[in-house]
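Visitor: When the first sequence is numbered by the numbering used here, its final residue is 232 and no position is left out of the sequence of numbers.
If you're looking for bench data, these hints aren't it; they were derived computationally from the structure. One or more hints might be untrue.
To be verified - Restraint ranges, calculated between C-beta atoms of paired labels, are given here: (1) Arg-225 to Asn-62: 35 to 43 angstroms; (2) Ala-219 to Thr-23: 31 to 39 angstroms; (3) Tyr-97 to Met-221: 16 to 24 angstroms; (4) Thr-140 to Pro-76: 38 to 46 angstroms; (5) Lys-10 to Glu-161: 20 to 28 angstroms; (6) Pro-204 to Ser-19: 35 to 43 angstroms; (7) Arg-131 to Pro-17: 18 to 26 angstroms; (8) Lys-187 to Gly-95: 34 to 42 angstroms; (9) Thr-140 to His-60: 39 to 47 angstroms; (10) Lys-198 to Leu-121: 29 to 37 angstroms; (11) Pro-66 to Arg-220: 30 to 38 angstroms; (12) Glu-161 to Pro-135: 20 to 28 angstroms; (13) Glu-141 to His-60: 37 to 45 angstroms.
Using N, Cα and C, we set each Cβ at its ideal position, and we do this for glycine too.
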Amino acid sequence: MKIGSQRGKLPGRLVPRSFFKTSPDRVAPRLLGKVLVHSGPSGLMAGRIVEVEAYLGPHNNPPDPAAHAHRGITPRNAVLFGLSGHAYVYSIYGMYFCLNISCETEGHAGSLLLRALEPLVGLEQMARNRGLPPDAARTEAYLRRLTSGPGRLCQALGVERASHNGLDVTDARSPLQVRDDGYAVKDVAVTPRIGIKHAVDWPLRFVVAGNGFVSGPARMRTGRVLGAGSR
DNA sequence: GTGATGATCTTCT
DNA sequence: GAAGATCATCACG
2 MKIGSQRGKL
12 PGRLVPRSFF
22 KTSPDRVAPR
32 LLGKVLVHSG
42 PSGLMAGRIV
52 EVEAYLGPHN
62 NPPDPAAHAH
72 RGITPRNAVL
82 FGLSGHAYVY
92 SIYGMYFCLN
102 ISCETEGHAG
112 SLLLRALEPL
122 VGLEQMARNR
132 GLPPDAARTE
142 AYLRRLTSGP
152 GRLCQALGVE
162 RASHNGLDVT
172 DARSPLQVRD
182 DGYAVKDVAV
192 TPRIGIKHAV
202 DWPLRFVVAG
212 NGFVSGPARM
222 RTGRVLGAGS
232 R
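Based on the sequences and whatever the hints tell you, model everything.
Guide: Written out as structure tokens, the structure reads:
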């Protein structure tokens, strides 16, 4: 399929690279409400970003011990040290993938982990990719299992390392894009990051306050709501 | 609802 | 050789 041929069908407008050029803790809250779009062999799928974690680059003071870039560049994390706005996809626990977007300037290796989407387009295909039966009722509990969680959203959209690592999400020709459809998030809440062993209480996880597609146990789905003007 | 357990393998030391 | 930015399932209350 020719990607360019369906450019006009994609929701909203492309988010420019300049959007990603600042530090992860500043970009992450602003990324909430944007739309992740994947146009691949199995069709168009899209979801609204409702949960993002920030991982600070090794230049940060103090350094972020939970970040993959913490000990410097390796073959795995090389994408993070390049231009901002590129997909960093890695495999985790031998069975899942996680999708990040590089940010900050070249060499600074800031990273944004996409942790949950609210599914918008291509729900049937997402369910197939996740190995779930189709469900006409589409209860919230069912929809949550599609894209609530970093491993789940990659599986739902068919994102994996071999074909998606290094893609430019700010390129109109890319099968993986971040787009802005004008949706405005009301409140952003902050919590500690999930599933890490270091810097466990740094407030670098950002969620759309009150959104049902945020991942994790109930007590982790709410947090301190950021005041107006801080985003 | 919560907490524990195991699956499974890539990456870096 | 160990750790790891996860998830599904199970027991329990």
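Visitor: Each hint should be assessed against the structure and marked as holding or not.
Guide: The hints, checked one at a time:
Range check, Arg-225 to Asn-62: about 24 angstroms between beta-carbon atoms, so the 35 to 43 angstroms window is missed. Taking the beta carbon of each, Ala-219 and Thr-23 are about 32 angstroms apart, inside 31 to 39 angstroms as hinted. Between Tyr-97 and Met-221, the C-beta spacing of about 19 angstroms keeps the proposed range 16 to 24 angstroms intact. For Thr-140 and Pro-76, the hinted distance range of 38 to 46 angstroms is satisfied, since their beta carbons lie about 43 angstroms from each other.
Our hint of 20 to 28 angstroms for Lys-10 and Glu-161 holds, since their Cβ atoms are close to 24 angstroms apart. Between Pro-204 and Ser-19 the CB atoms are about 25 angstroms apart, so this pair departs from the stated range of 35 to 43 angstroms. One distance hint, 18 to 26 angstroms for the beta-carbon pair Arg-131 and Pro-17, is violated here, with the actual separation near 31 angstroms. For Lys-187 and Gly-95, the Cβ-Cβ distance of about 39 angstroms falls inside the hinted range of 34 to 42 angstroms, so the restraint holds.
Checked against the given bound of 39 to 47 angstroms, the beta carbons of Thr-140 and His-60, roughly 45 angstroms apart, stay inside it. Range check, Lys-198 to Leu-121: about 34 angstroms between beta-carbon atoms, so the 29 to 37 angstroms window is met. Checked against the given bound of 30 to 38 angstroms, the beta carbons of Pro-66 and Arg-220, roughly 24 angstroms apart, lie outside it. Checking the proposed 20 to 28 angstroms range against Glu-161 and Pro-135 shows it holds: the Cβ atoms sit about 23 angstroms from each other.
For the pair Glu-141 and His-60, the supplied restraint of 37 to 45 angstroms holds, since their beta-carbon distance comes to about 41 angstroms.
Going down the numbered hints, you'll see the structure goes against 1, 6, 7 and 11, while the others check out.
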